[in-house]
Every structure is written in C-alpha cells, then in structure tokens.
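Protein chains: 4
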Amino acid sequence: MVIVMKSKAPKEEIERIKKKMESLGCQVQLTEGENQSILGLIGDTRKIDPSQIQANEHVEKVLRVQHPFKLASRMFHPEDTIVKVGNQQIGGGNIVVMAGPCAVESEEQLMTIARIVKEHGAHMLRGGAFKPRTSPYSFQGLGEEGLKLLRKAKEETGMPIVTEVMCLETFDVVAEYTDILQIGARNMQNFALLKKAGKSKIPVLLKRGLSATIEEFLMSAEYIMSEGNPNVILCERGIRTFETYTRNTLDLSAIPVIKEVSHLPIIVDPSHATGKWAMVEPLSRAAIAVGADGLIIEVHHQPELALSDGAQSLKPEKFGKLMHAVKRIAALV
Amino acid sequence: MVIVMKSKAPKEEIERIKKKMESLGCQVQLTEGENQSILGLIGDTRKIDPSQIQANEHVEKVLRVQHPFKLASRMFHPEDTIVKVGNQQIGGGNIVVMAGPCAVESEEQLMTIARIVKEHGAHMLRGGAFKPRTSPYSFQGLGEEGLKLLRKAKEETGMPIVTEVMCLETFDVVAEYTDILQIGARNMQNFALLKKAGKSKIPVLLKRGLSATIEEFLMSAEYIMSEGNPNVILCERGIRTFETYTRNTLDLSAIPVIKEVSHLPIIVDPSHATGKWAMVEPLSRAAIAVGADGLIIEVHHQPELALSDGAQSLKPEKFGKLMHAVKRIAALV
Amino acid sequence: MVIVMKSKAPKEEIERIKKKMESLGCQVQLTEGENQSILGLIGDTRKIDPSQIQANEHVEKVLRVQHPFKLASRMFHPEDTIVKVGNQQIGGGNIVVMAGPCAVESEEQLMTIARIVKEHGAHMLRGGAFKPRTSPYSFQGLGEEGLKLLRKAKEETGMPIVTEVMCLETFDVVAEYTDILQIGARNMQNFALLKKAGKSKIPVLLKRGLSATIEEFLMSAEYIMSEGNPNVILCERGIRTFETYTRNTLDLSAIPVIKEVSHLPIIVDPSHATGKWAMVEPLSRAAIAVGADGLIIEVHHQPELALSDGAQSLKPEKFGKLMHAVKRIAALV
Amino acid sequence: MVIVMKSKAPKEEIERIKKKMESLGCQVQLTEGENQSILGLIGDTRKIDPSQIQANEHVEKVLRVQHPFKLASRMFHPEDTIVKVGNQQIGGGNIVVMAGPCAVESEEQLMTIARIVKEHGAHMLRGGAFKPRTSPYSFQGLGEEGLKLLRKAKEETGMPIVTEVMCLETFDVVAEYTDILQIGARNMQNFALLKKAGKSKIPVLLKRGLSATIEEFLMSAEYIMSEGNPNVILCERGIRTFETYTRNTLDLSAIPVIKEVSHLPIIVDPSHATGKWAMVEPLSRAAIAVGADGLIIEVHHQPELALSDGAQSLKPEKFGKLMHAVKRIAALV
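Residue numbers (my numbering), protein chains in the order written: chain S, 1 to 333; chain G, 334 to 666; chain Y, 667 to 999; chain F, 1000 to 1332.
Read the hints as simulated data drawn from the structure, not as lab findings. Just so we're clear, the structure is a prediction, and the values are computed from it rather than from any experiment. No false leads were slipped in.
Selected chain G positions facing chain F (Cβ under 10 Å, derived; list incomplete):
#: 1; residue: Val335
#: 2; residue: Cys359
#: 3; residue: Leu363
#: 4; residue: Ile371
#: 5; residue: Gly376
#: 6; residue: Arg573
#: 7; residue: Thr577
C-beta: ideal position from N, C-alpha, C; glycine also.
From just these sequences and the hints, can you work out the full model?
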C-alpha cells in the first residue's frame, strides 16, 4: 500500500501516520520530495481500510499494491484448481459445456432438451427452477417442482445438474437436488448468500455481476472460500456498458486476466452476455480460443414458446454446430 | 409494444404473430412498407415477454412503448406519494435529512454523533448494524448489538431510525428495531429480499444499484409494492461509470426523470456516490436544487478512526454548514 | 510515481530500474518487503512514460502520484482564472449564461432568438454555423453565412458570440467572427485543433469528451495552454454511461473536482447532457448550486421546426423561468 | 420509425404530425389505444430528424426502426466488401495481420522490427509517424521523417504500409506515403477528416471511438463512403468501461454484429485494447475465432526502450508464437 500525502502535509502528521501503520504490523518507508511525500507500506495490508487513512485531510490518496484477495490468488496457490463434479473435472485444461433451457418449464420440455444436449456432447445440464426476473409479473420458475424434474433428467441422462440458488430461504431445497449451486449476477454481492454457499460442500458457479470489477468478482469468490468451500467456478457473462446492440458486453479480456491472478476455473456464458442466439456460436468459439475452461449455453427446441429468454436460446441443430466448432478449437488451445 | 419484422419476413409469419398477439388481448395494427413491416400493439403489454417474440427468426426487434411498471408509475397515480415515518413526511415537497455514521461502532460513538446531527437539524438517524462489505476481512457491523444502540439513540433524540437489512435471515430482527428498512445498492435486485420487504408494513428506503437503469430501479420498487407495501422511498447513490476520480458518478438527472415517471419520493446519498467528504456539501446543494426530497449523509466526529467509509464522512461542523446551505436552497425550490 | 515490482523480481533488475529513474532526474526510495518491492519516485515525473517502465516484465504496475498537467493545475496557480470576453468575466464567482439556438438557421430565426435571450438576461449568444453531425445526411450548418448572421445579432444585442470551430480548414474564418472558440466534445482530443486554438488569442470553450476522464479533459486544456493561450473555459456536458433515459449522464461531481484540482472556470451544458428540454431547468439549478461558473443553454422559439436538437431546446418563456431560478440560487452560493 | 404519443395527446395534434410525416414522403399508419397512440412510419426515414419530432410536447418518444446508414449496410450490399492493398486482400475470408512498432523511432528500430514481423508472416507494416498523445509533453512522432523511413521499410520488405493521419494539415503528406490511411479512435468523429479521407482513393482503416456505439461507428464509415471512397476497413480496439484492469474492454461481440449489419471488413487491435502485452496473444486467438478479418499488432524488439506504448508491445518471439496460433485457428473458422 502506498500513501501519498498532500503537498503541504505537516511533518508531524506524516510521522503520526507512519507510526500508526507500523503499529498495524507494516514496515513503512518514507520518501520525501520537495512537493510531496510518499509512504510505502510493506507487509500484509489486506486488513487495513484505505478509507480510514484517506479520511485524514492531509492524505492525497491511498494506492493499493497488493490484491485484496488471498485464497483466490494465484500468488499463494500457483497451480490451477480443478473442481470435480460427478465424473467431470472443471479447470486444469478440461473444457466443460453446461447446456439446457433457461428455465425448467415442464417435464416434456426438460426431457426433450436434456436428451438433445446430451446427444450433442454437453457435459452438464443447466435449467432454472427459481428464476430471478426483473419484473414481478414475469414467470418466476416452477420452484421445487422444477428441481424434481432436473433430478429426473439427471437420472436418465447421467448429466450432473447446475441450477440457480436465489436466497437463503430456498437454499437447502436447492442444495438437496443440485450438483452445482449457481449464484447469479445480481446476487454476486449478496454476502449472506455467499457465506451460506461457503459453508456448503457443493461446488459453486459464481457469475460476475453486471458492473463488478474483476477484483470485486474475486473478492466474492474469496467470501465463499473464506467460509471453507474451495470449489468455486467463476463465470463471465457480460458487463454493462453504453453499447445497446448486445444486451451486455462480453468481457473476454477477463479470462486471461483471471487466469493470471487466480487459480480458479472460469467459464463463459455467451447466451446471457449477448441476448441473441445468432451471436452465441461465434462468441463460444472466441471464449474457448481465449482460454476459458468451458461454456454455459441456453438451448431450447422451441425458443419462440420459451417462458424466458427465448431470444438467446439456440435451437438443437445450432447447438450441435457449436459443439463441433468448440471441440476443434479446444483441440488447438 | 412495436414489433419490427425482418425485411424478408414471409406474410404468413407476420399474420401468425399478429394473431398470437391478439390472442393475448392486444389490438394489433400492421404497417406494411416496401422493405419492412411493423406491428403496433395496443393494450396491456406488460405481461408479454419481448424475448419470446424476439426468438422468432423473422423478427428484427421488439420495441417497448409502455413502461413495464404500473404501481410505481405516475400514469396511474398522478399525485406524489408521501411516506410517513414517525412525525416526519417524506415526499410531497418536504425535505428530509437522514444523517449519522456509516456503521454503528460503539455506544459512545453513536450517541455522540446522534446528538450532533440532531442539534444541526437532521430529521432521522442513519447507522449500519449489518454492513455489506466487499471484503470478508472487513468489519461486518455489530449486528443486533448495533440495533440496540440505535434504539437507544432514538429514545434519547427522538429521531426515527434508518438501517440496512441485508438478508432474509436477519430481516425480522432488523424489522423489530428500525423505522425504515434500507435495502442497499447491491441488493436492489435481491428479489427474495424485495418480496419480504413488500410483505412488511415498514417503509423501505430502496437504493439504486450501481449499474441499474432507472427502469430497473422502478421495477424493483414495483416488486415491493406488488406485495402490498406502498411506502417506498427511492435513493439515488451514484452509478458506476468509467470515471474513477469519484467512487461513483452521482446521476442527478435521475431525479427529474423519476419525478416525471413515478410518484415515489426520492432522496440522494452524496456520501456513497462520491466517496470523498469534500464533495458532499456541493452535491447536497445540487441534489436539493434539482428537486430531491431529501438527503442521507454520513457524519463522524472522528472519521480517521471510523471502522468504515471514513473518507466520505463529514465532520460535525461541516455537516452544520451543509444543513445551513441545504435549507436556504430548499426554501427557493 | 510508484513502481511496484513483481514478487520474484531479481535484485539486479530492481537496481537497474532505480538507476535509470535516477538518471532521469528523480529521487528514488526503495521499500523492500518479503513478497514485493516498491520504488517511490520523487521529482518531476511528468515526462516519464509509465508505459515504458511497465514494459519491463518484472514490473507489476506503475502508479502515478502527481497529476500529469501543470499549467491547468491549481497547485501551481492557486487563484481562479478569470477569462474576459467583451465586458463579461467568466470564472472567479461570476455566473455567465450563454444562450441561443443549436444551429443558426436563418436571419429571422437567429435575430428572434437573440432578442429573446437578451431580454431574459443571457450574457452571450450561442449558435452553430459549422455543425458536427453523426449523420452525413443531416443539416451541416450554414457555414460562413451563419457566422455573418451571428455578427449581425451581436451588433444589435451587444452580446459576445460563442460558436464551434470544427477543423483547421475553417479555423481562420470562425476565428474572424467569434468571441469564444467552442471546441466540441467529439474534438476534445483532436490535438491538431487544440494546438491551433492554443496559438490563437481568442478564449476557448472546451467541452468534455463523451468518455473523457477528468484528467484527460484537463490534459486537453493543457494542450491549448502549452501553446500560449491561457484563456480556457471548461464545459461539462454529460458523459456516456449505460443509462439511456437521458442522452448522456451529466456529471455534476466533476465541477467540485475540477474546482479543487484546477484554476480554470467551468460551465455546464444541460441541453446536450440530457437531450430533453424538460430536464434543462432542474439541472441548470443544480449546476449553479454545485458551483459551476455558468451555463450554456439551447433556446428556440419553434423547437418543433428546429433543424437540429429541437428536443432539447427551451421555449422562450421556459428560458425566462430558468434565468429567474438560476439567479436566485446564484445569489446563495 | 415509430412515434409514440403521450397518453393525453389531442387528436388534432396526432393528425397534424401524421400529415407532416406524409408530406416528408412516408406512409403513416395510426394505431390508437385507450391510453396511447402510435404512429408507424414506413419509407426512407433516414433524413427525418427524430429530435425535431421529439420537440413536440405531445410526443412521448421516437423509436427508430431502420439503421441510419445505407452505403455501409448489408441490406443494400449483401456480399462482403474486399479491400485490395497491393497484393493483399482484406475481407471476404482472408486473414490479414498488420504489425510493427507503435511509433517509428529511428531507421534502425523500424528496419529491425519490419524484418522481424515480415519473417514471422505479417502482411503489412504498421508504424506511427504522427502520434496522437494525451499529453502535450509526450513524444509526438517523427513526422515526415518517419514516413520516409516507412517507405524505406516497404521498399525492402515489400509490405504495404498503414500509418495514422491525424489532421487536414498533414493529410496530403501522409497520403503521399501510405497504402492505408489510419484514422484513430479519437478522430472517429472528426467529420472534416472523414470527409477528406472520403475524397481520397486510398483505403481507410477506421478505428472505433472509445465510447462509440456500433451504429455511430458505421455512421462514420458512411461519412467516408458518402464522399466516394468505398474502401473502408473497420477496426475494433476496445471501448471504455468501468473495468480498469485492462486499458479498455475489447468488444469482440461487435465483430459478429458488424458482420451481420454491414459488408465492410473488420479487424481487431488487441494491443491498444488491453494495454498489456501478455494479453495480446489470447485475445488475438479469440478475435480470429469470432470471425475478424485480421489483426493489427504492436511489436517492438526492445519494448522497455520504446518511446510509446512499450507495455503493450510484443517481443519478436512472442509475435512469432501469436502468428502460429492465429494461423491454426484461421484454418478452422
């Protein structure tokens, strides 16, 4: 951490801050210039609150040097984390594709789609039973009934299940059925939910919030890990920018960044990122080419009848084409 | 709602969509051009999912004409909503100032600050007992102990309390103590929490999410209202943009927009928006000048010792100056 | 400037960088920690290119401590700059209102509007003769004919003129007629144009680019000033964010920030920021309340016939109301 | 175009607007609902200014249905445009790599790098002679001397040249030397420069502005094309978002979008997008995988001595590795 003092900061004040930082266990080196003094802090500064230092009226600014996360950091855990789900492995060079409908709508719908994605080579089945919707008037999911259908589809196809957990109240029921607990973008900083997931043993698929920085994203992973659950799979699903042609802007740069600073696996959700089925395949290719560990894709056999997100769901043959393209690129990377 | 067909959409497909929309209770008017056809829908389109229509490959785009919210809309409720809290009124031309520390830290700290803000004319006391923090290693609040201290401060000063409720698990305990339930920016789309708050009778202070559009903000208010609680106070607290000089970018344009489309009161939080105490007073003046119904301000007698957000907390005398400036502008607007 | 070394940077490499920085005239202080070393640089680091240092593979990151601008900085010029235009003064506590049509369309149109804004108390006349338009098919302005009409309006009303200069080719003709050279948002980093304006003696109204940080904005002012023209008036006119309800997001926080770090006057353009006439008055009030030195406002007596930007132009009586409100707030601030 | 009237718009006003739109050559279909009326316009609406209609106080909003560009649109030019430069073809399935230093610094530097990139398979040589720099104190390029060196490198290596043209004043000298005129991100809406480039016969590489929407980007291409130059190559180079880990956010979604709505070729600049050499290769792979027509890459044999953008320049062997990876992916797509 670096503390930049204002140009006219009195000597005593600088000395006072230096002493305080030392009392918190840091080494402090003072660099004094004509106009400005800088304090360089070395040691574990994760527990120092920059805001508290910045409150001092003689402080110009406080610059962080270290990442604020530790368990999620590659610095302290150089090798890739591999999350095991059933007989699947996520991370460490494996490419995993999770596919299925946005929402579970009926037994017929789910079973039809589950068979299709299985046949085309998907490794896991996605499907929402509890759906976060912007409007209270939209379809909110089948609830536990949907979870039961997911279990049925798992029994038939052998694919592990990934489904969203939206709140503490329904946490246990979701946890009873699912193989991966999905925490959605809107809940990325629902800290109570993160802690609860951290106390569980089930792997967590954590989606990046719409306006979350990469650092905040990893801090949310840190929340889960600090409670004892190391099995976190990250998911980039687009950030909010000024561009409105696509629903969000898929930030593929985040993949190599996260691979550099963290050991956690990261997959990409091109369906939610773009909101348009026609863009799902090219962005899936790009995601694998950039180094992602997998994809999560929405597939529907009748998207124009889907109860949610029809516009971004791939029809079966298009999903087949995508799987083919992805495999060929994966073989190269 | 307007459905724009692709340039080569077959006639039968256009006719089919027209019929389907009519079956959903809408009047549909077809405008056919040389290159493009447009379907104009009239009626209550709030329950039609644009994504489902967009899934049709012959559809170019779907444009919404109506706002998707109803209870929060001024169209169906032309007069301003006034929320009553104790003997205070929020909305309808009253200016309400909520002030206090970011977090309740100790009895001495809270009582000291409560007395100061009361003396300077604050109407309500703010203070966090359960704190959402980006880092799991940061101070997370005193919990119920903090709520008890808030009650004590209320008893002494007579000021109603506003404090954050973070999750379903601690909802009831917070609800027992507080006069206004604050829902933070990160929880603006925590739909389970919104529904729970909607079932309560306690007024809700709903903060705008960091990357929430005005429409999404009002949809979250709609969630609360659709469960039966009409007492929603909105709070603009800055949106996330590329500018890093201030923590967030306070969107004061949102105030006149929301006053136009909604009847709900809206206040402004310049402390969180800027993250810098020196900017709180000028932006408070601007907030009142633009037409906000009040302010929520962080005050601390020793900001450099604050356990959270010290950098944005006003010292007592600065808060006094702010109150003076705000009152004079309020008298004009 | 602070250079953070990677955790395993070899000692010789650290020493080599230290020497290089010293050879560039900086004092360098090394802080060595267990995991990480930090180099603190003191002295004039404005000419050191952080990118060059960052190219070293042992460097983690380079953090700037000083602002990169000097002439525009309040540190070296503590008192407010006051720009004189005719008998008007901009900056130093004066409130100046520039008003007029978006584009000069005809003699009748310009003279009508000029008289109206003069009557309501405007200090200067705005109007575009050369118009930057997103579409090549839109009205591009009357050119020199428009400048002649502006001169005529100035002769009759006595108001100095502010009009946009778009390129080097038409620079001299615009400079011949105008009292203030307006450089538009899209040209904020048209460095050739900035240098040309810097060589002129005419005051420059420099608009903030749609996605310019405050620092970049001031660096563009620095370009003008470094060529010898100290008469720069800044103009905040909204930045581009995800919010689409308003055309841009007016960043009023930028006003106190710029007042703190720079001595240059700054005015606000609420017409372009919002794109909606109904929001111009409330945001004008807020702009003055937050500390801006003035406003630039679009006024049109027949906005529904305007050849550009009709939607954001105020009708005469609404402008009168705005002037009244602004004067009362200005008296307080 | 669709005009949505306010809920209480008087009938005569609706009729008046309908007549006016018809007088501008559009067919107009009125859809009347209980609360709201909608006017659907069919015909060439590119020359209608939505702002003018929106100025009417009875108009709620104006929604565009057609893209505002025509020459750049695939609707009127279904087959891919192929731009020929020397014996290279850009667009239509060819993958072109332009590589070289950020800035031409000296004969030795340029010749060294030119030979290296040629040897590794680059098709064209990039290098800046006139450099747009945020700071007036940074290296601004060698000017015509740099152009002469580029010509020399072209003569030796046979690679066509791409270099930036910054302003009207130096347009002719740059045009004399270069094979492709590069228009930088900051000049994307420098309309005078676009028009000048449109009057030239030299192919133009148009970079997307930092905060330009895809539509604005294509409108800038339309400016060039409407002056008679059809040889426009687009370049995605990152947009500005809240994320600060990378310099900009590379918007790879823009590639399939532009391929859908336009016939122009588009390449990707991962060097400027990320600002970090370590991310250039993965994003280059992704760019080709998503369907881009090529890349523009910064290479420097001594990046830590580069006079600009050293941090994002690839060393020779890394560039070789990139070329290898890109070719393999290109073979698949």
